[in-house]
Amino acid sequence: MATESRPTPAISAARPRLVSESLDAWFGERHAVRDVSLTVIEGSVLAIIGPSGCGKSTFLRCLNRMHETVPTARVSGRVLLDGRDIYARGVNAIAVRKHVGMVFQRPTPFPTMSIRDNVAAGLRAVGAHLSRRETDEIVEGALRRTALWDEVKDRLHASALALSGGQQQRLCIARALATSPRVLLLDEPTASLDPASTQSVEQLIRELRGDVTIVIVTHNMQQAARISDRTAFFLLGELVEVAPTETLFTTPADDRTEAYITGRFG
Amino acid sequence: MSESSLVPTLEVVENGEPTVFRIHGRHVGDGIYQGAITFFAVCIPLLVALIAVEIAIAGWPTFRHFGLSFLTSSDWDPVKKRFGAAPAIYGTLVSSAIALLLATPLALGVSVFLSEFAPHWLRQPVGFLVDLLAAIPSVVYGLWGIFVLLPLLRDPVMPFLRDTLGLGNTPFFSGPAYGPSMLAAGIILAIMVLPYIASVSREVLLAVPRAQREAAMALGATRWEAIWRAVLPYAKSGIIGGVILGLGRALGETMAVTMLIGNRQEISASLFAPGYTMASLIANEFSEASSDAHLSALMAVGFTLFVITIVVNAIARWLVWRVSRSASGQAA
Amino acid sequence: MAGMARESQRQRAGGMTAATVQRPSARQRAVSERTRRGLGRRRAVNAAMLGLLALAAVIAVLPLIFILTYLLVRGAGSLDLNFFTHMPEPVGEAGGGMANAIAGTMIIIVIAAAFGLPIGVGAGIYLAEHRGTWLANTVRFLSDVLNGLPSIVMGIFAWQFLVRPVGHFSALSGGVALGVMMIPMIARTTEEMVRVVPVSLREAALALGYARWRTGLTIVLRTASAGIVTGALVALARVAGETAPLLFTAFGNQFWSTSITQPIAALPLQIFSYAISPYDDWHRLAWAGALVLIALILVISIVARVATRARFNTGSGD
Chain A
0 MATESRPTPA ISAARPRLVS ESLDAWFGER HAVRDVSLTV IEGSVLAIIG PSGCGKSTFL
60 RCLNRMHETV PTARVSGRVL LDGRDIYARG VNAIAVRKHV GMVFQRPTPF PTMSIRDNVA
120 AGLRAVGAHL SRRETDEIVE GALRRTALWD EVKDRLHASA LALSGGQQQR LCIARALATS
180 PRVLLLDEPT ASLDPASTQS VEQLIRELRG DVTIVIVTHN MQQAARISDR TAFFLLGELV
240 EVAPTETLFT TPADDRTEAY ITGRFG
Chain B
0 MSESSLVPTL EVVENGEPTV FRIHGRHVGD GIYQGAITFF AVCIPLLVAL IAVEIAIAGW
60 PTFRHFGLSF LTSSDWDPVK KRFGAAPAIY GTLVSSAIAL LLATPLALGV SVFLSEFAPH
120 WLRQPVGFLV DLLAAIPSVV YGLWGIFVLL PLLRDPVMPF LRDTLGLGNT PFFSGPAYGP
180 SMLAAGIILA IMVLPYIASV SREVLLAVPR AQREAAMALG ATRWEAIWRA VLPYAKSGII
240 GGVILGLGRA LGETMAVTML IGNRQEISAS LFAPGYTMAS LIANEFSEAS SDAHLSALMA
300 VGFTLFVITI VVNAIARWLV WRVSRSASGQ AA
Chain C
0 MAGMARESQR QRAGGMTAAT VQRPSARQRA VSERTRRGLG RRRAVNAAML GLLALAAVIA
60 VLPLIFILTY LLVRGAGSLD LNFFTHMPEP VGEAGGGMAN AIAGTMIIIV IAAAFGLPIG
120 VGAGIYLAEH RGTWLANTVR FLSDVLNGLP SIVMGIFAWQ FLVRPVGHFS ALSGGVALGV
180 MMIPMIARTT EEMVRVVPVS LREAALALGY ARWRTGLTIV LRTASAGIVT GALVALARVA
240 GETAPLLFTA FGNQFWSTSI TQPIAALPLQ IFSYAISPYD DWHRLAWAGA LVLIALILVI
300 SIVARVATRA RFNTGSGD
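Chains as they are written, first to last, in numbering that gives the first Met the number 0: chain A, 0 to 265; chain B, 0 to 331; chain C, 0 to 317.
So here's chain A without its partners, still in its complex pose (with noise of 0.2 Å):
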């Protein structure tokens, strides 16, 4: 386990980051998420795993407001960023997605853009008033930690469709640390990558883990014991269980918890 090669400390402090209260989603009257209360401790890696349809990634989505970009989608209850509610009146969705960065299963590299300009995108989009010098500080800096920079420096100004797949992941997860968001939301970020490049990936999470919040919604098990402290475990839209990873997979309290991770059903 992922928890023996390195302590963690985030967990021990046990400060809240992001808490969800009550959280219901629907598309128009499809009711996708039931009543989920989940906390996600601050430098801690959340899975969230479960059988497809199950509204884990929904659930996720709810969590930076990008659920209501579909038409019809609706959300009731709270989700409180470090104790402050995403959902409140006079909050802005726009103002909060700046501060939950998010990855997306496929990589989604702006094609205009060079691989510099797609790390630096976000900046523009917080209207940080940067001088050149310091954007390609933190562009470094954001490749250096998703390890990329090696590979890259030399053609920062190349597009960024010219990298392969995994590169693409990383660069996007680069895209995302760059504003040096509050969590970090991946949305199974391996399932269009092959093994090397989701090996990768998997290491860059075990990296950033301590430093960065991370909410991982996966469809594999195995890669949710790799890589998190804590794991949810999502059916029809309800929250089953959530516990400490070892401990979700070797006792689980819960009779489908232990049908799904057996491979009994999903």
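Note that these hints are calculated values from the structure, not bench results. Quick caveat: nothing in here was measured; it's all calculated off a predicted structure. Heads up, the beta-carbon is just placed ideally off N, CA and C, and yes, glycines get one too. Treat the hints with care, since some could be wrong.
Pulled a few chain A residues facing chain C out of the computed Cβ check, cut under 10 Å [claimed, not checked]:
(1) N63
(2) A92
(3) C171
For this one, chain A is given, so just place chains B and C on it according to the hints.
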């Protein structure tokens, strides 16, 4: 992290608390953006309405004064302020009919040939050449028509049709062969609408499911039989849509027709005789129109043309849309 | 399918008599009916029709070759440097050119683009982002209506709307008339190009904290821009040769003028008035003008094609 200190706008210090981040606030940008693109979109209906209203108002005195006889009378005399647009309407319909009669078989032939028979290396270039016909400006067709087509018609084509083939006995090919004529206008229009009919038919033919022709071929039909019995019936209404779209083009064509039709206010059965179309009538007389009544009459002609082309185009779009919908319904 | 194919093979192998092996369907009956009438005849019909279709293709391409050849021969023969640098001369004086008409056409199409581009692109974005709403459907339908309007109608509209109230012809009114004609063409390509930008790119931008307007302009529009530029150039090429809308708007001008509030010369207008004139010198200039006009249109179209190719190159990565 060192980066966070470089992004000062994200962090706001308030009331001595360490860092309070900003999530409140309103963005006016989205409202402006939505407003702007909605405005541009609404411009299109507004423009169509504006065009209709402007021309209708300008033509209204004529419609009110002459009523239905404006469309049925062939007495067009700007001096006496008597206006009947029947010759122009007749000429528009006849020249367009000639154009469709000539262009439809050719366009259909090209598109069937290109979509069913032609070797692959030939499809792109020939299709491109046919499309190129649509890129030539109307005035260039007119220029070519005046200096190449008219002399050819005068001698040998018209005498050949009239005398050698003996068609001069019919009212349609009789009379002197001047050159500028309904026939000349019809021929140039045929060349001009051919690419429109061809490109729509080609699209429609390519939308016919493979199974349709393979089923027929598998039953032992020759390729031509498969096309005639399976493919063409399937594509029929789309092809008719393409033809009507071509008709819409032909009805409104101005320059080439003005240069070749002879511009005479007369209804004659002979295609050798000069005539007039609504568009060429406007083009010819508009800048010379000195009286308000004359201007209004020309505007009324314009409004009539406007209404006819809208109706024709709406029918064409509906037919093409029906085929593409049923084709995509089959694919799904 | 395979069974049917085998069946038809057997039919062919057995000649005309093997057509009734199985209970025939209506269509099979029809085909076998034809089979009995003779394969040879049917093959002959097939070959004849193929010949006719190929002939149609040849005849369809013939006028184009005919016209282009004439343009090249007559146009190139009359074309010289004076044509581009000199003003029109009165009848009988040799060596006139169409410098003012070339400049005028440029000015008019710039006005047309300035008017048609924002409305066309904006409306296209609206149509792509609001698919299925009644307003979008209405706009799309009326855009088709606008596209089908005869150019002469556009001309009298622009006269009534922009010339009559002012009291004189102007380059501006001609440009606007052509601009209105460009709108539906640009709106259609923009809609198509914006629609093929993946939703995932939009989402990625929104998740970075981009506002919708910023997503629309810097991500979606920029990704679609090569295609939109192509569409705009194709539209420009189409209206550059239009004459009818300019007859009572730009009107033409024998003198050098670049003022957008004054009547202005244009290549198509000049070609028209020279073509219907009785003078040989002017006829020659008309041919030269037509060649230059076609060349202009061709250059715009080629630039458009190159822009498309550039898009596909970046689109496919390495």
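Take the shortest C-beta to C-beta distance between C171(A) and chain C; is it under 10 Å? 7 Å, holds
Per-residue hint verdict: N63(A), partner chain C, C-beta under 10 Å: With a minimum Cβ separation of about 6 Å from chain C (threshold 10 Å), the hint on N63(A) holds.
Was the hint right that A92(A) lines chain C, CB cutoff 10 Å? With Cβ-Cβ at 9 Å, under 10 Å, it holds.
Of the numbered hints listed earlier, not one is contradicted by the structure.
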